[in-house]
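Line by line, the protein sequences are chains H, E and U.
Quick note on the working numbering: the first sequence kicks off at 1 and runs consecutively.
Quick note on the working numbering: the second sequence kicks off at 1001 and runs consecutively.
Quick note on the working numbering: the third sequence kicks off at 2001 and runs consecutively.
It is worth saying that the hints were derived from the structure and are not from the lab.
Positions of the beta carbon are idealized from the N, C-alpha and C atoms, including for glycine.
Hints are not guaranteed to be accurate.
[Unchecked claim] Which bits of chain U does chain E cover? Going by a derived footprint, with three or more residues having C-beta under 8 Å, they are:
hint: 1; region: 2076 to 2083
hint: 2; region: 2118 to 2132
hint: 3; region: 2137 to 2147
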Amino acid sequence: MKVRVHNNWPPGHIRTPAYLRGKAGEVERDIGLFNNPEQNAYRLPPQKSHLVRIRFTMSEVWGDAAETPDDVIEAEIYAHWLEPA
Amino acid sequence: MGGDPAGDINHEQHDFALWEKRVDALMVLASSVGLMNTDSLRRVLEDMGKESYETMSYYERWIASVSQNMVEAGAFSTAELADKMAQVKARGATYGDAT
Amino acid sequence: MPHDNHDTLSTSGHPYRKDDDTALSYWQVMEIAVRELLIEKGHITAVQVHDQINTMDARSPAHGAKVVAHAWCNPEFKLALLADAAQASRDMGFDIGPMHLIAVENTASVHNVVVCTLCSCYPRNLLGLPPDWYKSRAYRSRTVIEPRKVLSEFGVDIAQDVQVRVHDSTADMRYIVLPAQPARTRGLLENELAQWVTRDSMIGVGLPQAPN
């Protein structure tokens, strides 16, 4: 399944790397439910969010600057940061 | 951070000092009793700003974050921390004397 | 602490970090104060601090090496490791606490390398504390954009027909690379194989090496 990371730039603590925002990739696996770090970081009672491993190609992330276009980056992204692509 | 321009990777390695190992242990133990968590540790580190990466060592940043987390969690007050730090400082000129 | 003799190198061959025989720093004062306040108020005990340091000191890449060697020798265990590396490590008797661990396998067509761009996440409950370079801005910034160049600086050149997979430990998982077993180690016993598994090979910036 192909998904895209929200291109959002809120202040405060988030675990979505800047270089992956707005980028699309394939779901590698759903790891399960984990505490939402955006609440956990402020000691608020955290809601659970699915944590999903996404596989991005270097060409998707870095465009023409990619070192080797078909190499990949895999990262864990919380489901509330993902939308269908 | 990811993808930002950066120079050569420095391969020098140091052994951790006792005080650094204690900072690490305090983070683990304070987390185990619910006074903080990995995300709250990271949030304070980030709020300290990029300059802190240039001016402070890894465990200096960690103890600053652990300390702020303890105040936020109500483990002790800033006044209690200031009193205790003054007492510690008065004990001697080295870590060995003060600890 | 063994540095009263003012040796310049520790038993591990690394220089000692400035420590308790140098001027007391502001942050050291804060560490002592935070520790004493937490103990006085009953949140933690001095024994717990001592024990936690010993627990972390006891963890080392040798533990991960045993896991890797076991996977090389035992196909069923390898499947279990790739399915749930945390449980497989616990089943071997390693106390890794609540850590979630994913093992990623190097093959003839895939080379894996691990980084944490957001902080310094590392499988510390199995391998011990991370090397200093792993926490550096340079490694964290560059590995996601030029992994092949970073790997070549570590002495690992990846063929163009092999895909590099960079694993960014962005959240709750920690990663260990299951390196490919070198062909010339076939027939060695499991405890001999473990000697070939380096820390760097489990991060993905090295390959298994013949022991010295």
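>> Let me make sure I understand: some of the numbered hints might not hold for this structure. Which ones are they, in numerical order?
In response: Number 1 - this is the single hint that the structure violates.
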